[in-house]
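Number of protein chains: 2
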Amino acid sequence: MCALPTPWEPLRRVAVTGGTHGNELGGVYLVRHWLQAPGELQRPSFSATPILANPAATAVCRRYVDQDLNRTFTNTFLTSKAAPDDPYEVTRAQELNQQLGPKGSDQAFDFILDLHNTTANMGTSFILEATRNLFPEATFSMHLCRYLQLQSPELTYSILEYQAPGETNGLPSVAKNGICLEMGPQPQGVLRADIFSRMRALVASTLDFIELFNRGTAFPAFDVEVYRILDSVDFPRTEDGHLAGTVHPQLQDRDFEPLLPGAPIFKLFNGKDVLYDGDSTVYPVFINEAAYYEKSVAFLKSRKLTVSVPALPALTAAPTLAP
Amino acid sequence: MCALPTPWEPLRRVAVTGGTHGNELGGVYLVRHWLQAPGELQRPSFSATPILANPAATAVCRRYVDQDLNRTFTNTFLTSKAAPDDPYEVTRAQELNQQLGPKGSDQAFDFILDLHNTTANMGTSFILEATRNLFPEATFSMHLCRYLQLQSPELTYSILEYQAPGETNGLPSVAKNGICLEMGPQPQGVLRADIFSRMRALVASTLDFIELFNRGTAFPAFDVEVYRILDSVDFPRTEDGHLAGTVHPQLQDRDFEPLLPGAPIFKLFNGKDVLYDGDSTVYPVFINEAAYYEKSVAFLKSRKLTVSVPALPALTAAPTLAP
Numbered sequence: 000m001c002a003l004p005t006p007w008e009p010l011r012r013v014a015v016t017g018g019t020h021g022n023e024l025g026g027v028y029l030v031r032h033w034l035q036a037p038g039e040l041q042r043p044s045f046s047a048t049p050i051l052a053n054p055a056a057t058a059v060c061r062r063y064v065d066q067d068l069n070r071t072f073t074n075t076f077l078t079s080k081a082a083p084d085d086p087y088e089v090t091r092a093q094e095l096n097q098q099l100g101p102k103g104s105d106q107a108f109d110f111i112l113d114l115h116n117t118t119a120n121m122g123t124s125f126i127l128e129a130t131r132n133l134f135p136e137a138t139f140s141m142h143l144c145r146y147l148q149l150q151s152p153e154l155t156y157s158i159l160e161y162q163a164p165g166e167t168n169g170l171p172s173v174a175k176n177g178i179c180l181e182m183g184p185q186p187q188g189v190l191r192a193d194i195f196s197r198m199r200a201l202v203a204s205t206l207d208f209i210e211l212f213n214r215g216t217a218f219p220a221f222d223v224e225v226y227r228i229l230d231s232v233d234f235p236r237t238e239d240g241h242l243a244g245t246v247h248p249q250l251q252d253r254d255f256e257p258l259l260p261g262a263p264i265f266k267l268f269n270g271k272d273v274l275y276d277g278d279s280t281v282y283p284v285f286i287n288e289a290a291y292y293e294k295s296v297a298f299l300k301s302r303k304l305t306v307s308v309p310a311l312p313a314l315t316a317a318p319t320l321a322p
Numbered sequence: 000m001c002a003l004p005t006p007w008e009p010l011r012r013v014a015v016t017g018g019t020h021g022n023e024l025g026g027v028y029l030v031r032h033w034l035q036a037p038g039e040l041q042r043p044s045f046s047a048t049p050i051l052a053n054p055a056a057t058a059v060c061r062r063y064v065d066q067d068l069n070r071t072f073t074n075t076f077l078t079s080k081a082a083p084d085d086p087y088e089v090t091r092a093q094e095l096n097q098q099l100g101p102k103g104s105d106q107a108f109d110f111i112l113d114l115h116n117t118t119a120n121m122g123t124s125f126i127l128e129a130t131r132n133l134f135p136e137a138t139f140s141m142h143l144c145r146y147l148q149l150q151s152p153e154l155t156y157s158i159l160e161y162q163a164p165g166e167t168n169g170l171p172s173v174a175k176n177g178i179c180l181e182m183g184p185q186p187q188g189v190l191r192a193d194i195f196s197r198m199r200a201l202v203a204s205t206l207d208f209i210e211l212f213n214r215g216t217a218f219p220a221f222d223v224e225v226y227r228i229l230d231s232v233d234f235p236r237t238e239d240g241h242l243a244g245t246v247h248p249q250l251q252d253r254d255f256e257p258l259l260p261g262a263p264i265f266k267l268f269n270g271k272d273v274l275y276d277g278d279s280t281v282y283p284v285f286i287n288e289a290a291y292y293e294k295s296v297a298f299l300k301s302r303k304l305t306v307s308v309p310a311l312p313a314l315t316a317a318p319t320l321a322p
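Chains as they are written, first to last, in numbering that gives the first Met the number 0: chain E, 0 to 322; chain U, 0 to 322.
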């Protein structure tokens, strides 16, 4: 990747994206609402841009039309020559890269908050790409997560860090910085009022945090727990590729809880249990996520670690207000 | 409808159907399992036939390919002349009608148990078509529901009766008798072990009940609560047809609970509440079911009534055993 400009400048160009997966309705309906009533995304020093990331998939209430948009923001896809038979999501990723990027360039947006829902019992999770979990971008995102946690201490928030195979491929990677907000459980194609209102409040607080930063607020150092994704575990399957069992009732809904060696992870349809044969405790996430069946993922294993986040210094020059 | 033969004969031809909606995975995976291991569906006096009702929709994990199969078993669709551009589900309904019907004929199967899942918090529900809620077919189904309730009294079961507009159109209507087993909440495209094992146990108990009946067991009269569907309520919508709000958090997940006049039913995205403006208490069901967004249904209203079910007399002649 090219060298990124220093982040210690005000964030002026911020996008909130929803419908990156067209059947995750929290972001879909928040963005549709903001497109009609954009005032909610305005702050004195900037206005966030609402973007319906995958309108074709959203129109048919599916995750995607031809391929998963949130795996399509690689340089290979983004720089490929347009062809008539391109998958829809490749064309759409290139459009978004023009609007919000280009990826890795000085012209790219400062921050993308990408809104997602999961069928897994993951509560409120923030997902950061691991290649960005370095000073200085991660420092900013970690302070954002910390700020959100402090705003509503009664809720549990989890920070999840993952490393895409090869290069970054998610929508936030188009901008200079960004994270995914993942909320669940919510079925695909369903909008729950509780998820919707919590997601909306988190977006508002995110913009408040950026505003505070832009106006010269400093944030002190802290330690935080992070779940780092290790690898995935597929369902037990029959010879023809169908499920031979499903997530064990003792594992279902226990995202972010410790899974000990020897604990049951699958219940086979023949009645037998499959036990976790690893040699150390892991923390499963995205347990029984609907969209991952086709990706051969019953759950992801993660490791819990404590990260020391340095202070986020105050901007030295006060920003000018947006016109 | 033509006159049905007397039901007071042993039930020999029984089908258990799953995947009528291809993304409701409880029935899909039970049927796939039974196709490999059919012994579970055998009883001394009969063997139930497992059928994957909509294999094309199941293969792509969608409710349907061209149209809702479970609204396609009308005489109009079933008797229409085949054409190359027929919707897939019309062709498939005709195939199933050949295999399990023909609808309304002496040759039709005796009983179809059709397996469904819902994203709504409906627990375990039995759905009967209202045109069959007459002596003698309903008597049999009601006794079946009663038997299942008595097998596991710790669970709550609900009986739901609906009247299709015009003629019957569901898969069970192809047979001489039948019901839908509806279990939730389970997201589309997800198989939960708890739902799967409970559905499996209910199917086993259903076959046990038929076996008892076939062998000459009599069942006494009883009274039971039934929820009769009245009509549906759509979401509040914007001018372009998108949602303007969603199911109110005070209504979400409260299927089968009383909804009083003046209680909130929707939370608009502008923050306002929409109140129920009916003049009598109703009992909402299928609250926020994913598949019903496109049908303009946020929930169905039902009325609760008590039905007196007459005794189910013992068969007079003991049945011969199946070969």
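If you are wondering where the hints come from, they were derived from the structure by calculation, not from laboratory data.
One or more of the hints may lead you astray.
[What the hints assert, rightly or not] Here are the simulated SDA-like pairs of lysine to any residue, each with C-alpha atoms no more than 20 angstroms apart in a straight line:
(1) K271/U to A203/E
(2) K271/U to T216/E
(3) K303/E to K271/E
(4) K294/E to R214/E
(5) K271/U to P257/E
(6) K80/E to P37/E
(7) K271/E to D272/U
(8) K80/E to R61/E
(9) K271/U to E39/E
Outcome of the hint check:
Among the hinted pairs, K271/U with A203/E is consistent with the structure: their alpha-carbon atoms are about 19 angstroms apart, no more than 20 angstroms. As the CA atoms of K271/U and T216/E are separated by approximately 35 angstroms, the hinted pair breaks the 20 angstroms bound. Distance hint between K303/E and K271/E is unfulfilled; the C-alpha atoms sit about 30 angstroms from each other, more than 20 angstroms. A C-alpha spacing of about 43 angstroms is found between K294/E and R214/E, which places the hinted pair above 20 angstroms, so the restraint is violated.
For the hint pairing K271/U with P257/E, the CA-to-CA distance comes to about 41 angstroms; that exceeds 20 angstroms, so the pair is violated. Between K80/E and P37/E, the direct Cα distance comes to roughly 34 angstroms. Violation of the 20 angstroms bound is thereby established for this hinted pair. For the given pair, K271/E sits about 49 angstroms from D272/U by alpha-carbon distance, which is inconsistent with the 20 angstroms threshold. Annotation: proposed proximity of K80/E to R61/E is violated, straight-line Cα distance about 26 angstroms (limit 20 angstroms).
As the CA atoms of K271/U and E39/E are separated by approximately 16 angstroms, the hinted pair is consistent with the 20 angstroms bound.
Violated hints, listed in ascending order, are 2, 3, 4, 5, 6, 7 and 8; each of the other numbered hints is respected by the structure.
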